[in-house]
Amino acid sequence: MASIELQGVTKRFGSAVMAVDGLDLTIRSGSFVCLLGPSGCGKTTTLRMIAGLDLPDEGEIRLDGRILYSTASGEYVPTEKRGMGLVFQSYALWPHMTVAGNVSFGLEMQGLDRERRRARVAEVLELLHIGELAARYPAQLSGGQQQRVALARMLAVSPDILLLDEPLSNLDAKLRLEMRAELKRLHKTIGNTIVYVTHDQLEAMTMSTEIAVMHQGRLQQFAPPMTIYREPANLTVAEFVGSPPMNIIRPSGRPGEGLFDQLAELFPAGAGAVRTIGVRPDDLAVVAATGAAASPAAGRRWIRPARVETILPTGSEWIVGLRVEGHGLFARAVEEPACVPGDEVALAAPLERFHLFDADGRRLSPSGAD
Amino acid sequence: MKKLVLCVVAAFALMAGGAKESAAQKEAPKQPAAPAGFDLEQLVREARKEGQLVAYFTSSRIKDVGDNFEKKYGIKVKGTKMADPEQAERVIREVDSRNVQVDVIGFEDGPLLEGKLLPEGYLVNWMPPDLADQIPKDDQNPLVFLWQPRIFGYNFEAFGDKPPMTNVWEMTEARWKGKILVRDPAQTPANLAFFATIASNPALMEKAYADHTKRKLEVKEANAGWEFLKRFFQNDVVTIPSDGDIGDAVGAAGQKDAPVGFYTLTKQRDNKTKDLKLATMKGMQPFMGYALPTYALMIKGAPHPNAAKLFIRYILSDGHQPWTVRDMGAFSPNVKAATNPENEGSWADWSGRLLKLDNKVALKLRQEILDFWLQHGVKK
Amino acid sequence: MIRAASGAGRLVPRLRMWLCAVRSDPSPIAAALLAAALVWLVLAPIGSMLIDTVRVQVRDSATTGLRTGEWTLSFLQRTFTSRVSGVLFWTPLANTIVVAALVSLIALPLGAGLAWLTVRTDLPGRRILSSVMVVPYMLPSWTFAVAWLTLLKNRRLGGLPSFAESFGFAPPDWLAYGALPIVICEALHLFPFAFLLFGNALRSVDTQLEESARVLGASGGVIARRIILPLLRPALLSAFLLIFSRVLGSFGTPYILGSGVKFMMLPTALYGSFKIGSPGVAAVIATVTIALGISLLALDVFFVREFKRFVTMGGKGSLRRAAPLGGLRAPAMLTAGAACLITTLLPLASLLASTLMHRPGVFRLDNFTLDYWIAAAIPAMPGQRGLFLNADIAASAWNSLRIACAAAVICGLVGLFVGYLVVRLPSTRLGVFLRQVSFLPYLVPSIGFAAACLSFFAVARGPVPSLYGTMTLLVLVMAVKYLPFASRSGISAMMQMGGEPEEAARVCGAGWLRRLARIVVPIQKHALVAGIVLPFISGMKEQSLVIMLATPGTEVLTTQVLRFVDYGYSQLANAVVLAIVGIVFAFTFILEKLTGSNLASGVSGTG
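Residue numbers (the working numbering), protein chains in the order written: chain B, 1 to 370; chain X, 1001 to 1380; chain D, 2001 to 2607.
Don't take every hint at face value.
[Unchecked claim] Some chain D residues well away from chain B (every beta-carbon gap over 12 Å; in silico): (1) Ala-2021; (2) Ala-2044; (3) Leu-2328; (4) Glu-2503; (5) Gln-2524.
[To be verified] Quick list of in silico lysine-lysine cross-link-like pairs, BS3-like style, CA-CA up to 25 Å: (6) X:Lys-1177 to X:Lys-1049; (7) D:Lys-2275 to X:Lys-1078; (8) X:Lys-1162 to X:Lys-1256; (9) X:Lys-1364 to D:Lys-2593; (10) X:Lys-1049 to X:Lys-1076; (11) D:Lys-2262 to X:Lys-1230; (12) X:Lys-1177 to D:Lys-2593.
Please keep in mind that the hints were generated in silico from the structure rather than gathered at the bench. Model, not experiment: these values are computed from the prediction. We put the beta carbon where it would ideally sit given N, CA and C, even for glycine.
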């Protein structure tokens, strides 16, 4: 198995656009790493540089310590020799070859004889449950089937590294769920290192061992999913991950909207540095408006009166829009809330579930009790 | 995919076939040592070893002659009918690029030959030694293998037995405007030479004018010869690509007002095959036309030199029959040669009726004559 | 954090990097080599021709008294300012311009009108009309000229009578030869190009533009004037420039119809000077022809950006409202039908009829004959046999096929390769340069280009031997001249394919050659076939290019026709024309069936 190390990798398109900026990233052997971020954040470019299809302008890429690319020494191992696997977003199946032909191409390049190729192709197709499609042409397959063929083509040569570029974005929701499970199963079975590019944070959260959140070419945070979720390293990560997104509370100069100031007082440790406070909707609970006027920080809990403005049922949960101290906040309820728009209720959250960010958006030390 | 590769390979194989042929011909030709005496047998032997002979001739008869040659000696001949300018172009290019493919030419552009191609070594003049006493000295260098009268002719069905013209100056008269057909001077070097010779014989032309009109010629151009040419060209002379076309146009039956033409006498053989009504303007003064020589020469660096020599000797001895005996209108310089009875006389007779071309003058005046023609004959 | 050293210290690693990258993907090197080769093949001959305008060659030394190799301005002086310059150059130039203008005047409205009828109205049978209009493209450009002579010549040049003469009518000179027939024949040959260009343009006009105008209350006439016409202006200009440049380079028609009455145009003037043996003057005329042609077509390229011409006509199939013709239906059908007949059936029928008769137009039983097709000997044509038995014609046909095939295959492969390289290096200077250079041969008029290549390749240059008189020269010149078509289709095909199939193969471990052979070429089969078929058709009917280059050993069908015309063997000449047309049709049909592609859609992209 194999680990990948990127050091100081930079890529520019033209003279202005910085696609990837000084990326340092180490992907452990056997891990399932998602490169997550909005369009244009550099994740696909990074993947292509790992594959060797694009060349960095600066930096170094290593595979198990072996240099694949180095600006300093000028070494460059071309794509054909890197022994990685890649699935494109569009699958890029070759239309003039059958499924079996597509899958066995890589084996041919490796020099395997016909018998061994046939055996391996059958094996891989079985693994992905598409054995009966061997003689068909890509044009005759459905989207999901094509996707499996692309996977089979990648797996046939037993690459150390699997690279996937948003492979599920062309599938419908049901298929996507199936494929996600499938991929996770494969990872468990085969245990290769997987690098997976996606803009869908649900995918990243459910499938990966670590997520690398990228934004405008820079790495924002590299950590296991739950860490990303619970302890976002900066405001960008915090706002990107989580659905519905985190509530962001900023100081407002207007009278009667002192929510930020109130909250800030609760965290004296961060006094002065705190500029933004966030709290996730799932950490906010809608409770009856009793005793809310008492000390806002009862124990390690924060509670304030709020007015319900909207209730949005999604089918599996309810998103409740409320106004607190003039700020609009969203709370998530897994059971039908016993209130209607216009009601006066109270909103409560544990103090340790608040996130504090400084002027640069960076996370401040975890909020402790005062 | 494989099919495509096969097609590509096939395409190149076909091309290579052609290329190989020329490569074979490019092997250095053997230059035989000059024999002390002339040995015909040895020449034949050497020639047979060389392979197919390539010849360019101005006459289409070359095909028949080539077939006869093959029957006699077993050497194949690839004969092509080709006009003078093209022959000259090819010879020059091939010799310059050292990729000579043609061995022998039958060529009518005497001035270029004498002035350029022979002196600068593009062509080699070879006179068969054993025929030296059968060919007149004047015709030996450069070697002439065929003489043809190029004469003024008319349609006897339209005009009767008496020719409608008796003097060349009649061709400058309004009656014949647009009714005289000649081969395009720009493409026919021999015609240019003819005009050049006229331009350098003013006395002849002046006398002819006086004889015809009983008046003195008013000369506005450089001399009487140029004056004739100007008036002749300005009479809307119609240019035709070939002698055969001229013959067809002039001699076609059923014409009430037929044109007259300037063509090689041999075209009158078509009187029988195509039902033409051609006749020569007998007694035309000061000449009925000119004597057109066809020269036979070898190319320098020819790939089959001995076959070329054998061929030249052949057409000077018994090989000339398709030209001179089978059909009328052409003469071999060989004094022993047989001749066609319909020829209206022997070559000696004809020589007296025709203007003989002066190659040196013709080359010197060629550009001027051509320009004169372009100015007066082409501009409407 | 690793930061690379700056300045000179980076040179060695960068060089190393570049070497590694290029070994895995030699595209930049291949592109550089190909661009250099094309520049050499196109610009070097033109440069050589420029030199020939001021340098004395052997043939000229005979007539001018100057030494071979001497530098001189005499050819320029002779062509532009001497007493004979009018005949040699200025009159042919004026004639060419006048003819081109008149041809445009006829062909543009005719083509535009028919295009409108086909695309925008409910003319019955318009689909048939569309496919029939591709046929004139398959005919050699001078077919009409040969047919015209067969029908309408007079006694001036002698030879066999025409159909008109046999019916008792003697056409006057101005009708039988010269400017009028040339203009008509060229217009008939060229208006299908206008038809195709306008058809494309009309089809790609978004009807939503018109419909919005209609919704806003504009009438049909206003829409035509203010919306459609301006959108068609590029097509109009393009068609005009295309027609002009075609007339400039077209040799066959003026030769066949003009030489007899001394009506010279630039191509025949060029050829004439060359044949007389004035290579210096020929070089000057050729240079002017080339310069004119380049300017015209460069104008076209700048006004109508090249890619616009090849916009794929797909769209969402918006409902097109066909304008009802109503009372105009009958006249429209008549016009369209007449256009079809005159441009396709009439010339072929008259040619065929003439080959079946000894004397054209004499409809007596004893005058009909199959001699010219199958006789072992023809009395009027010594040494010649009927077409099917004629060894010369067979040899010419074989040469035509060989040369056209070889050139077409080279064209197709190189064209696809150019497309590959241009798409792989899209925005680098090299990619742009390659794209423009591959377009260059299109700008040079055929006969001028042939003259230039003859002058350049007739001499050995370094390792390359003299190509004079070889088939290689013909193939080379043809392949270069038609490359623009093939590379255009190659570029658009590669753009449609995208880069990912090849990248997927790279990931699977395939090297550059393997990728090209196993992935790129098989996927681009159809584009490759189109890149081969169209040059093949053009090659089979090409005359202007080959007339300067073919020699007795490399005679092709199109030059054979001219030889027969010169000898006066009209029936054989006409038979050979029909043979050319037959071969082209047969091959096209077979190839269409084999590959399942449609020629008309390919042709409309080439013009």
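Checked hints:
Annotated as non-interface, Ala-2021 (chain D) brings its C-beta within 12 Å of a C-beta of chain B; the closest such distance is 6 Å. With a least beta-carbon separation of about 36 Å from chain B, Ala-2044 (chain D) lies farther than 12 Å from that chain, consistent with its non-interface assignment. For Leu-2328 (chain D), the non-interface assignment is confirmed: its Cβ lies about 45 Å from the closest Cβ of chain B, beyond the 12 Å cut-off. Under the 12 Å C-beta cut-off, the non-interface status given to Glu-2503 (chain D) relative to chain B is violated; the minimum distance is some 5 Å.
Not every C-beta of chain B lies more than 12 Å from that of Gln-2524 (chain D), the closest at about 10 Å, which undercuts listing it as non-interface. At most 25 Å may separate the alpha-carbon atoms for a hinted pair to count; Lys-1177 (chain X) and Lys-1049 (chain X) exceed this at roughly 57 Å. For the hint linking Lys-2275 (chain D) to Lys-1078 (chain X), the alpha-carbon distance of about 23 Å falls within 25 Å, and the restraint holds. For the hint linking Lys-1162 (chain X) to Lys-1256 (chain X), the alpha-carbon distance of about 16 Å falls within 25 Å, and the restraint holds.
A distance of roughly 63 Å separates the Cα atoms of Lys-1364 (chain X) and Lys-2593 (chain D); the hinted pair therefore is violated under the 25 Å criterion. Restraint check: the Cα-Cα separation between Lys-1049 (chain X) and Lys-1076 (chain X) comes to about 12 Å, which is no more than 25 Å; the hinted pair holds. For the suggested pair Lys-2262 (chain D) and Lys-1230 (chain X), the alpha carbons sit about 18 Å apart, so the restraint of at most 25 Å is met. For a cut-off of 25 Å, the pair hint linking Lys-1177 (chain X) to Lys-2593 (chain D) is broken: about 59 Å separates their Cα positions.
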